[in-house]
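Protein chains in written order, with this note's numbering: chain A, 1 to 493; chain B, 1 to 333.
Keep in mind that the hints were calculated from the coordinates and are not lab data. Be aware that one or more of the hints could be misleading.
To give a feel for the contact side, a few chain A residues facing chain B, derived at Cβ under 10 Å [claimed, not checked]:
#  : residue
1  : I56
2  : I63
3  : E65
4  : L69
5  : I72
6  : A75
7  : F92
8  : N94
9  : L95
10 : N104
11 : R110
12 : Q116
Glycine included, C-beta positions come from ideal geometry on N, C-alpha and C.
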Amino acid sequence: MAEYLLQMTGICKSFAGVHALDHVNFHIRPGKVMCLAGENGCGKSTLVKVISGVYIRDEGEVIFEDQKLDHITPAEATRLGIQVIYQDLSIFPNLTVRENLAINSEITARRKIVNQKRWDDTAREALSRIGYKIDLDAKMGELSVADKQLVAICRALLFNAKLIIMDEPTTALTKREVDALFKTVRQLKAEGIAIMFISHKVDEIFEISDDVCIMRNGKNVFEGPTAELTRDDFSYYMTGRRIRPEPFVPENISKDPVLEVEDLNLGRYYHDINFSLHKGEILGITGLLGSGRTELAMSLFGLMKPESGTIRLNGKEVRITSPVRAKELRIGYVPEDRLTEGLCMRQPIADNIMLASLNKVSHRGFLNHKRLFAEAEKWVKTFSIATDDAHKYAQTLSGGNQQKIVLSKWMNNDLDILILNGPTVGVDIGAKQDIHHLVHGLANNGLAVIIISDDIPEVVENCNRVIVMKDGGIVGELDGTDFTEQNITEIIH
Amino acid sequence: MSKSTWKRLIKRTEFYIFLVLIVLMVGVQIVSKGQLFEPTTMVTILRGMVVDGMFALISLIVMISGGFDMSFPAIAAFAYSASTTICVNNGWCKTNPLAGFLLAILFGAILGAFNGWIIANFKLNTMIVTLGTQTFFTGLTMGLFQMKEITSTLPASFRALGESYFFEVFNSQGQRSTMTTSILFLVIMIAVTSFVLRKTMFGRALYAIGGNETSAERAGYNVKRTKFILYVVVGALAGFIGMVRVCLARQSIPKAMVGKEMTIIPAVILGGASIFGGEGSVFGTICAIGIITVVSNSMLLVGIDSYWQDFFNGLIILIGITISAVQAKRQSR
Numbered sequence: 001m002a003e004y005l006l007q008m009t010g011i012c013k014s015f016a017g018v019h020a021l022d023h024v025n026f027h028i029r030p031g032k033v034m035c036l037a038g039e040n041g042c043g044k045s046t047l048v049k050v051i052s053g054v055y056i057r058d059e060g061e062v063i064f065e066d067q068k069l070d071h072i073t074p075a076e077a078t079r080l081g082i083q084v085i086y087q088d089l090s091i092f093p094n095l096t097v098r099e100n101l102a103i104n105s106e107i108t109a110r111r112k113i114v115n116q117k118r119w120d121d122t123a124r125e126a127l128s129r130i131g132y133k134i135d136l137d138a139k140m141g142e143l144s145v146a147d148k149q150l151v152a153i154c155r156a157l158l159f160n161a162k163l164i165i166m167d168e169p170t171t172a173l174t175k176r177e178v179d180a181l182f183k184t185v186r187q188l189k190a191e192g193i194a195i196m197f198i199s200h201k202v203d204e205i206f207e208i209s210d211d212v213c214i215m216r217n218g219k220n221v222f223e224g225p226t227a228e229l230t231r232d233d234f235s236y237y238m239t240g241r242r243i244r245p246e247p248f249v250p251e252n253i254s255k256d257p258v259l260e261v262e263d264l265n266l267g268r269y270y271h272d273i274n275f276s277l278h279k280g281e282i283l284g285i286t287g288l289l290g291s292g293r294t295e296l297a298m299s300l301f302g303l304m305k306p307e308s309g310t311i312r313l314n315g316k317e318v319r320i321t322s323p324v325r326a327k328e329l330r331i332g333y334v335p336e337d338r339l340t341e342g343l344c345m346r347q348p349i350a351d352n353i354m355l356a357s358l359n360k361v362s363h364r365g366f367l368n369h370k371r372l373f374a375e376a377e378k379w380v381k382t383f384s385i386a387t388d389d390a391h392k393y394a395q396t397l398s399g400g401n402q403q404k405i406v407l408s409k410w411m412n413n414d415l416d417i418l419i420l421n422g423p424t425v426g427v428d429i430g431a432k433q434d435i436h437h438l439v440h441g442l443a444n445n446g447l448a449v450i451i452i453s454d455d456i457p458e459v460v461e462n463c464n465r466v467i468v469m470k471d472g473g474i475v476g477e478l479d480g481t482d483f484t485e486q487n488i489t490e491i492i493h
Numbered sequence: 001m002s003k004s005t006w007k008r009l010i011k012r013t014e015f016y017i018f019l020v021l022i023v024l025m026v027g028v029q030i031v032s033k034g035q036l037f038e039p040t041t042m043v044t045i046l047r048g049m050v051v052d053g054m055f056a057l058i059s060l061i062v063m064i065s066g067g068f069d070m071s072f073p074a075i076a077a078f079a080y081s082a083s084t085t086i087c088v089n090n091g092w093c094k095t096n097p098l099a100g101f102l103l104a105i106l107f108g109a110i111l112g113a114f115n116g117w118i119i120a121n122f123k124l125n126t127m128i129v130t131l132g133t134q135t136f137f138t139g140l141t142m143g144l145f146q147m148k149e150i151t152s153t154l155p156a157s158f159r160a161l162g163e164s165y166f167f168e169v170f171n172s173q174g175q176r177s178t179m180t181t182s183i184l185f186l187v188i189m190i191a192v193t194s195f196v197l198r199k200t201m202f203g204r205a206l207y208a209i210g211g212n213e214t215s216a217e218r219a220g221y222n223v224k225r226t227k228f229i230l231y232v233v234v235g236a237l238a239g240f241i242g243m244v245r246v247c248l249a250r251q252s253i254p255k256a257m258v259g260k261e262m263t264i265i266p267a268v269i270l271g272g273a274s275i276f277g278g279e280g281s282v283f284g285t286i287c288a289i290g291i292i293t294v295v296s297n298s299m300l301l302v303g304i305d306s307y308w309q310d311f312f313n314g315l316i317i318l319i320g321i322t323i324s325a326v327q328a329k330r331q332s333r
């Protein structure tokens with residue numbers, strides 16, 4: 001057997017004069033997991049489409065199993081044993097598991113008539129490949145993401161796959177589901193199938209991959225065994241800059257607390273919550289999923305009503321009954337799921353930035369568009385949001401830049417307290433750094449910030465104090481020299 | 001029946017629609033003092049289902065593919081008006097209606113191809129496209145070709161086909177009703193549609209496209225071609241069904257189809273087809289058409305003013321759409 005299953009050398013692809021791929025070299029060994037990493041827009045998906053035959057390369061050589069391929073079509077790629085599992089899994093939610101498993105083979109075989117027996121056999125064969133058990137009559141749309149993924153993998157195996165390309169497969173999975181997926185990946189590996197794993201999650205890449213290829217701006221900047229790569233190098237190759245942790249140093253913490261929470265309770269979500277927050281502080285609230293951290297944050301923004309307890313702002317007792325009231329009390333909240341809760345994706349960037357402060361740019365109920373854009377442009381500059389035109393839709397931006405919009409939306413309101421829930425979930429390393437930097441600046445300008453996150457390194461780097469939650473209660477509060485990753489992890493588990 | 005099959009059955013809309021139909025019929029039977037299950041009433045109801053049932057089936061296959069065809073009544077009207085006019089002017093179809101039917105099918109296919117071409121090539125919202133072509137086709141019929149009503153001069157073979165029957169029944173007052181032979185068209189179409197949807201790859205392609213168009217494309221279906229063929233077939237069938245209606249009504253009136261889509265499409269939704277595509281069955285659709293026909297016929301039996309018919313039709317539309325939306329919401333969770 002050849003050393004490499006797939007060799008690609010000097011691959012180029014341009015769209016309208018823009019180099020999406022610029023002399024990319026790429027090797028995949030049989031029975032190995034190769035991770036393709038890179039920030040959004042670096043050319044990862046273009047490369048996948050060249051391999052799967054969706055795009056035709058402009059230049060370069062492709063060798064698959066010692067055979068030189070001049071022109072790859074999607075059908076040809078399938079015949080050779082290249083299968084792509086897209087992020088959306090390409091499933092049919094309205095059909096049964098059986099049909100989802102069998103339909104692709106039936107189409108490829110150019111069948112005209114449906115034979116129940118044959119569909120059933122195909123489906124069973126597909127499941128048996130990885131020993132996965134599921135009700136064949138279940139409707140695909142009713143399965144969990146993890147189950148859908150396994151069905152998609154089984155389906156790919158039907159085509160005698162030699163190379164399975166998985167496009168960001170772990171995005172919607174819980175930690176346990178990721179572990180189960182990795183088990184399957186190792187099983188496939190043992191059978192000699194090569195896996196190309198697209199991801200930008202550092203931990204996962206180091207856990208599962210044998211080889212890594214990192215792309216930046218259409219070029220591959222690193223290719224080689226994972227063992228030869230350190231985490232620092234990894235983020236350097238991803239972003240092109242050395243990311244040094246810049247721990248938050250509080251400059252002026254106010255003497256009196258701006259927020260005091262006393263004996264706050266809400267049913268099964270959280271209980272006996274006591275803490276205070278000063279201006280100029282960044283307070284971390286961490287804990288596992290279901291520890292009550294998100295519910296607590298929502299209560300502080302008037303989205304969930306506490307059953308008992310008191311909240312004081314600047315020494316005065318307040319009742320935060322709704323988000324509108326919270327805004328009046330100068331509290332801002334950036335939700336975890338910015339796509340559905342924080343942004344209007346199909347609205348201009350400028351409108352999104354000004355959404356929470358339209359009264360600033362309107363007169364007697366009439367909007368002044370000129371002022372709106374002038375005001376928005378200011379924030380685009382301050383936050384260096386990567387766009388050439390604030391009239392473009394918010395969905396044209398990457399995750400990190402979208403998050404900057406959500407932040408600027410609240411900056412625009414004069415706030416006392418800003419609550420950030422998972423501020424860098426799904427954000428590239430580079431943009432993450434920018435966001436952290438921004439938040440540090442805000443705190444040092446006198447804002448009180450709460451960061452809610454399960455990313456412990458993030459909490460340690462960006463907060464001066466942390467509250468650890470477990471099963472709805474506060475199980476620890478750390479600051480000063482006690483405030484280390486190890487201590488937090490110990491308290492959580 | 002195993003437990004899981006039973007569980008799956010009670011989850012399906014079709015099951016409830018069937019129950020509603022049965023309950024409705026029993027209810028009407030009681031209120032109308034036994035008139036519903038009189039042979040004459042049953043025969044009238046079945047006769048009333050022929051055209052609407054076939055229209056519902058073509059709407060169903062479009063909806064399964066994730067589209068809406070608002071233009072089928074306009075296509076039917078153009079096809080039968082043009083076909084009948086040509087037959088009358090040339091003195092065709094005195095003894096055999098075949099030429100008239102073939103012409104209507106041809107015209108229907110051409111207009112359907114126009115729909116299909118726009119939808120497949122420009123990837124536009126099908127409801128908007130067919131709303132546009134509906135107006136355009138009606139304009140062709142009424143404006144450009146100025147097609148006229150044809151009543152007494154209707155070719156003899158059309159009249160004969162419409163009047164032919166399998167058997168006749170009488171009620172207690174001695175009134176006569178006939179079981180039209182055209183019921184055969186509905187039966188054949190039910191059988192063929194079921195077969196195509198369940199047993200052919202073309203049918204499964206429609207479900208697949210309606211479920212997830214991108215996935216269908218990636219799986220290797222030629223989505224563009226499938227859609228084009230679908231709209232051509234639907235157009236051709238609309239022309240055919242229009243001709244059946246001309247024969248049954250024994251007249252060709254270009255305006256007779258106006259607004260038909262507004263009763264047929266909601267009925268199809270009531271029958272379990274999803275407005276988002278990918279769901280729907282022949283059984284549910286026919287049950288829903290049964291409900292609508294029973295309701296409109298029962299008004300007369302029970303003695304409710306016929307103005308109320310719109311009220312009940314509207315109510316059925318709302319119920320049908322609400323069911324569809326609630327189910328979609330439940331699934332997305």
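Measuring from the C-beta of A75(A) to each C-beta in chain B, is the shortest one below 10 Å? holds (7 Å)
Hint check: 10 Å Cβ-Cβ cutoff, N104(A) to chain B: holds (5 Å)
Hint validity - L69(A) Cβ closer than 10 Å to any chain B Cβ: This hint is violated: L69(A) lies away from chain B, its Cβ roughly 19 Å from the closest one there, beyond 10 Å.
With 10 Å as the cut and Cβ atoms as the points, is L95(A) at the interface with chain B? It holds, given that the least Cβ distance between L95(A) and chain B is near 6 Å, below 10 Å.
Evaluation of the interface hint that places E65(A) against chain B, nearest CB under 10 Å: violated (23 Å)
Under 10 Å is the threshold here; is the Cβ of I63(A) close enough to any Cβ of chain B for the hint to stand? Constraint on I63(A) not satisfied, violated at 25 Å.
Hint check, I72(A) versus chain B [nearest Cβ-Cβ separation less than 10 Å]: This interface hint is violated because 15 Å lies over the 10 Å limit.
When the nearest CB of chain B is found for I56(A), is that gap smaller than 10 Å? Not OK, violated: I56(A) not within 10 Å of chain B, min 17 Å.
Go through the hint on F92(A) and say holds or violated, using the shortest Cβ distance to chain B against 10 Å. It holds, given that the least Cβ distance between F92(A) and chain B is near 4 Å, below 10 Å.
Under the criterion of a CB-CB separation shorter than 10 Å, is R110(A) in contact with chain B as hinted? holds (8 Å)
So, Q116(A) near chain B? Judge it on the closest CB pair being under 10 Å. holds (9 Å)
Once the shortest beta carbon distance from N94(A) to chain B is found, is it less than 10 Å? holds (3 Å)
Figure legend: structure checked against the earlier numbered hints; hints not met, in rising order: 1, 2, 3, 4 and 5.
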